[in-house]
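Residue numbers (numbering that gives the first Met the number 0), protein chains in the order written: chain A, 0 to 376; chain B, 0 to 376.
These are computed hints drawn from the structure, not numbers from a lab. All of these numbers come straight from a predicted model, not from anything done at the bench. Some hints could be false.
Label-pair distances were calculated between CB atoms; the ranges are [stated by the list, open to error]:
1. A:Asp210 - B:Asp6: 41 to 47 Å
2. A:Ala268 - B:Gly331: 36 to 42 Å
3. B:Gly333 - A:Gly125: 30 to 36 Å
4. A:Arg239 - B:Arg124: 16 to 22 Å
5. B:Asp173 - A:Ser321: 39 to 45 Å
6. B:Ala145 - A:Glu68: 50 to 56 Å
7. A:Glu279 - B:Asp6: 38 to 44 Å
8. A:Glu279 - B:Asp313: 34 to 40 Å
These stretches of chain A come out as covered by chain B in the derived footprint (C-beta under 8 Å, 3 or more residues) [to be verified]:
9. 159-167
10. 333-344
The beta carbon of each residue, even a glycine, is placed where N, CA and C say it ideally should be.
Protein chains: 2
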Amino acid sequence: MDGTLVDGAVRVGGDARQRFYDARGYGRPLDRNRVELAPVEAAHLLSRGDLDAVVDEREGSETRLDFREFLARTGTALRFTVYRDLRDRGFYLSPAREGWPGVDEGDVRRGAPDGARIDFVVYPRGKGPWDDAVAYRIRVVGEREAVPAASLGGVVLAVVDEDGELTYFETDADPDIGVADDEGGDDGRGGADAIDGDDPTDDAPLPAGVDADLLEDRVVCYDADDLYERRFYGQRLLGRNAESGPLQLSLVEGAYLAQRGVLDVESDAVVGRGRDVEGERFDRRLRTYAALRDRGVVPKSGFKFGADFRVYEDFDGVESLSHSTDLVRVLGPGHDFYPRDLSLDVRLAGGVRKRMVFALTAANGQIDWLSAARLTP
Amino acid sequence: MDGTLVDGAVRVGGDARQRFYDARGYGRPLDRNRVELAPVEAAHLLSRGDLDAVVDEREGSETRLDFREFLARTGTALRFTVYRDLRDRGFYLSPAREGWPGVDEGDVRRGAPDGARIDFVVYPRGKGPWDDAVAYRIRVVGEREAVPAASLGGVVLAVVDEDGELTYFETDADPDIGVADDEGGDDGRGGADAIDGDDPTDDAPLPAGVDADLLEDRVVCYDADDLYERRFYGQRLLGRNAESGPLQLSLVEGAYLAQRGVLDVESDAVVGRGRDVEGERFDRRLRTYAALRDRGVVPKSGFKFGADFRVYEDFDGVESLSHSTDLVRVLGPGHDFYPRDLSLDVRLAGGVRKRMVFALTAANGQIDWLSAARLTP
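Turn these sequences into a full structure, and let the hints guide you.
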């Protein structure tokens, strides 16, 4: 059985509708039992021998293309890898083309070149294009393709690495972190603009005017055991096993507390030291830190995991500390992800059973949260 | 008991030699039972109450400094954290200062500002400055301090993160990877300059003139099962479970094989495509790939681990594939490591029980290998 390449799609006659669409969810039905297949669907049928060849009638002359020639002609090798893999896993799926089954207007709009492209709409196992259910919306990307952070959320990235192996990442633009301080949810307002001296991790008010020194890239404070034991600010300067003594605070912790009048150091001096060390990234990190504290969770250094912060969602005193639950990386709102960097972060977080969260933090304090996780469809 | 701050060191009289040097390895002996302490040693004795104060006689007037004032005056908070931690772990250690015990000329030379600085010489547990044995040479760095790759190897980085927690990384400039093709060992010559058609993973010669197409960012080749099964080039285009059919090769694999006449595609075209995709990084990656193949190991994409390559040191056919043993990241020879990036790589590699190896690959093909691993002293 042959197909015919017309206007970037492959038409097949005979009993193609029953054979390909009704029985196995390929393509979309046309009149008279014909179907129209996207190139990647036709490539899959060619690879299985269900189609013998595709006839290209361009330029007047007819050429019969086999699988190899068809792949080369249509440039579908990357998407073919993903399409085949999902078929192998038992899914039916449709290319996100206008007028294709299962594809709504939003998917096509998101398919605009500079929007959040969708390549495939995948149906739940056992369902197909004739049902009204979607399991995944998939975007196919090569290992070296930049992916704008703003285009993520609600889409599964299918990354084809250079060896042709696949990794799926699901992305969520509305991860639930602690208690948002307003109905906006996504909006991490706060930081330098929302100084209220409260700390949701504890009902008692924070202390005020604690004796402290700004030393190198940290703040050392004295006689403030509560800050550490009940709220997990800082670390004991004399080591983890020390039961008392001075606390060393990071510049972010120090600036946060100084801005709230807790420490007797100039907050401008601490912020200035932070900016000396890491420029405007310091302000973004401070805003993210404040937004997390405002949500009632406890951020600490994520250094051991290569992240900005590790986050304790359920903190109830240092004595009963459990594992942290999230890793947070602070990025600019215009950040482009490179799939390999994303793979590194998500793999590490998965290995330590934490959620990987990105805080896309703008200069004005707006924070868009985004989580990413490995998915096995 | 008080010390006196003189020329950046602290002198202590009385029975200080017996009490501090002989019994516990602090400082270096002077005449008449006196000792000289580096500031970080004095800070440690102050923090323990073994010294009451340090008298600063600068500017004519005398000031008695307690622990807090001494830390602020001498700027030793960062190094104090590391010194204290190693003492807590049961080690004696000396600051790497000229004329200090346990410190040889090489350490001091490496202590030059633009060289590979050493901060502490750590003795094996149970040994001290009066013995002739060194367990670790330690360099203290802050979380945000750039560390030149060329300064690593044979040194342990003690990274103090922003919360004041410590992470130790040991670095080795001579990791053993496969079989070096010359006595140089460190020198990964080969790549485009050493094309000999041999493949140490198999005694049989590689095939020649295999039918292949350059498609998008990969090479697809036909009728070359051996390349995959016996030597692990490429992946099955029709999926991992396919038992035959076309192979998709990465551009690096494709370029390597095309340069050796194995594939019937122009190697320049493949290399050109690679450069289109990732610029001169492609050449560096190709050189590293070739050097690894020349050493008899099998590199494959490291994407799932966020690295350039994962490496199988013992490869004996795809049928009996075991876990890969190393992760390789390709960097330029002038690369500066940021401790947080290093932490991410080393933590991930440790989590999957692989060794993290960096290939510092120059434009001329010279490769300096460097491994890094987490250390618990």
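Hints, verified against the model:
| no. | hint | in the structure |
| --- | --- | --- |
| 1 | A:Asp210 - B:Asp6: 41 to 47 Å | 31 Å, violated |
| 2 | A:Ala268 - B:Gly331: 36 to 42 Å | 37 Å, holds |
| 3 | B:Gly333 - A:Gly125: 30 to 36 Å | 56 Å, violated |
| 4 | A:Arg239 - B:Arg124: 16 to 22 Å | 20 Å, holds |
| 5 | B:Asp173 - A:Ser321: 39 to 45 Å | 41 Å, holds |
| 6 | B:Ala145 - A:Glu68: 50 to 56 Å | 52 Å, holds |
| 7 | A:Glu279 - B:Asp6: 38 to 44 Å | 40 Å, holds |
| 8 | A:Glu279 - B:Asp313: 34 to 40 Å | 48 Å, violated |
| 9 | 159-167 | holds (count 6) |
| 10 | 333-344 | holds (count 6) |
The structure does not agree with the numbered hints 1, 3, 8 stated previously, though it agrees with the rest.
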